[in-house]
Amino acid sequence: MEMGSPMSWRMIPERYGLIGTRCENCGTNYFPAREVCKKCRRKGKIVPMKYSGKGKIYSYSLVASPPRGFELEAPYFIAIIELKEGPLITGQLVETENEDVKIGLPVSVVFRRIQASGEEGLIHYGFKFKIDRK
Amino acid sequence: MRRVAIVGAGMTKFGERWEDSFRDLILEAGMQALQSANMKGDDIDALYGGTMAAGRLIGQEHITALIADYMGLNPIPATRVEAACASGGVALRSGYLAVASGHHNNVVVGGVEKMTDVSVSDATTALGGAGDQEWELFMGATFPALYALMARRHMHEFGTTEEQMAAVSVKNHANAAKNPYAQFQKEITIEQVMKSKVVASPLKVFDCSPITDGAAAVILAPLEEAKKYTDTPIEIVASTQASDTIALHGRDSLTSLKATRIAAEKAYKTANVTVKDIDVVEVHDCFSIAEIIATEDLGFFKKGEGGKAAEEGRTALNSDISVNTSGGLKGCGHPVGATGIKQAVEVVWQLTGKAGKRQVDNAEIGMTHNVGGSGATCVVHIMKRC
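Protein sequence lines correspond, in order, to chains A and B.
Residue numbers for the first sequence follow my numbering, so the first one is 1 and each next one is one higher.
Residue numbers for the second sequence follow my numbering, so the first one is 1 and each next one is one higher.
Honestly, the hints are just simulated from the structure, not real lab data.
Please note that a few of the clues may not be correct.
Unchecked claim - Straight-line Cα separation of at most 30 Å, DSSO-like style, residue types lysine-lysine; simulated pairs:
hint, chain 1, residue 1, chain 2, residue 2
1, A, Lys102, B, Lys276
2, B, Lys227, B, Lys195
3, A, Lys39, B, Lys303
4, B, Lys354, A, Lys39
5, A, Lys39, B, Lys258
6, A, Lys102, B, Lys269
7, B, Lys227, B, Lys308
8, A, Lys54, A, Lys84
9, A, Lys45, A, Lys102
10, B, Lys302, A, Lys38
11, B, Lys197, A, Lys56
12, A, Lys56, A, Lys39
13, B, Lys258, A, Lys56
14, B, Lys227, B, Lys258
15, B, Lys197, B, Lys227
16, B, Lys308, A, Lys102
17, A, Lys39, B, Lys266
18, A, Lys54, B, Lys302
19, B, Lys303, A, Lys56
20, B, Lys258, A, Lys38
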């Protein structure tokens, strides 16, 4: 979907800075941010929380048929990453060959271009993940 | 609450219907349903319609007003229901609740999607709206990719294989080959599935439901009046629904849909039946892995054993449990908003002995399972011969 400037800008703290939230009442961490704790609801005490960007691969898929806007990058890996702080999050894996990818491998966040609105439009940045090499 | 019956059912042939518009399709299914209930327009008190993405696919919103208009049903109330791929199932539940409550007497419920007027890429993008636009689709995930993430995890946790997933598609094509309404009336082999092009690994083209035009409709009436319209009413003995996180990554598990488990548990309890009583079930196999997960979550097989069951033929026509006799979303086609209603039409035909070559022997109790997105909505119906 075409994304306008206001939509892209208001997501900068989360997408650039990995700022999510945490419920101080029950200790559950949320990324992306939630303003209502799923467990405590109105009794929850939600505060901002910065995430480390460290995690491991929980599941992955090599996307060969891309959606509109991702044609040049295909094929690319989409993964669900289990962040060190607990939440699962969806993102692309970069600089990765087929045989490298396995469930459980440690990854770190990297800052990348995600997509652009139209040919000369606004570039939307955000996080992707890279497998940690020893 | 009053008891509710389905007294009429109809559907179009599913497929690439280049000659027919959105309104042609729903009119064809709606009139067929009205005729099968021996009803006239004057007998209908309200209309509910399920469609997911008419605005994105044909530029038309306000679709139930249009349907009521073209079916000659003005001035009855006409309400659109949207829950992504579960739009049809949730529309059926809305109609059920309207009749059960006593507010409306006879209700027509339709589901329709016209998908081939746009490119495959545009259709895929429109369907992406069923997921989390800001946190899944934005990152480059597609619907096949989300189900691929579930498949990979199912393989990891339970040893499910790509061949077992392929067996689901092979079985659904075998059923579709016996269904004159199906998009693909053709059998396929495990080898063909395995060799088909990768869409999002480990899912291949033949693991995925197609892009389809089609419509389906049912007529609901209070059970006590049902025999006025048909000799073979089918009672809806349970209509349940549950929700879960919009994004797949928000769930407790990638290998089970909690919304399915909750809706199914409530449905069995409401209908006072167990999974062993179900003779025929239409499950939401938008991807082959989805049928495996559904047959586990609905209780037909233990968690992790759905793939093996499919491979052993335990879900084939007239085996342990006849799953997706219509051919399912894979073989019969998946006009998104129509799917939930088509599932009901298939079960009605099975329970009234009208399923032709794909008839399940002595089918008395049937079930439908319709999922929205990657599992954020699930709606389950149990139906019974009267």
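Hints and how they fare:
1. A:Lys102 - B:Lys276: 39 Å, violated
2. B:Lys227 - B:Lys195: Roughly 51 Å between the alpha carbons, so the hint for Lys227 (chain B) and Lys195 (chain B) is violated.
3. A:Lys39 - B:Lys303: Given that 30 Å is the threshold and the Cα spacing comes to 26 Å, the pair holds.
4. B:Lys354 - A:Lys39: Judged against 30 Å, a Cα distance of about 48 Å means the pair is violated.
5. A:Lys39 - B:Lys258: OK: Lys39 (chain A) and Lys258 (chain B) at ~16 Å, within 30 Å.
6. A:Lys102 - B:Lys269: Violated, at about 41 Å.
7. B:Lys227 - B:Lys308: 43 Å, violated
8. A:Lys54 - A:Lys84: 6 Å, holds
9. A:Lys45 - A:Lys102: 37 Å, violated
10. B:Lys302 - A:Lys38: The given pair, whose Cα atoms are some 29 Å apart, holds under the 30 Å limit.
11. B:Lys197 - A:Lys56: With Cα atoms ~29 Å apart, Lys197 (chain B) and Lys56 (chain A) stay inside 30 Å; holds.
12. A:Lys56 - A:Lys39: The given pair, whose Cα atoms are some 25 Å apart, holds under the 30 Å limit.
13. B:Lys258 - A:Lys56: Measuring from Cα to Cα gives roughly 24 Å; hence the hint holds.
14. B:Lys227 - B:Lys258: Since the Cα atoms of Lys227 (chain B) and Lys258 (chain B) sit roughly 38 Å apart, the hinted pair is violated (cutoff 30 Å).
15. B:Lys197 - B:Lys227: 51 Å, violated
16. B:Lys308 - A:Lys102: 24 Å, holds
17. A:Lys39 - B:Lys266: With a Cα-Cα distance of about 22 Å, the restraint between Lys39 (chain A) and Lys266 (chain B) holds, given a limit of 30 Å.
18. A:Lys54 - B:Lys302: With Cα atoms ~35 Å apart, Lys54 (chain A) and Lys302 (chain B) exceed 30 Å; violated.
19. B:Lys303 - A:Lys56: 25 Å, holds
20. B:Lys258 - A:Lys38: 15 Å, holds
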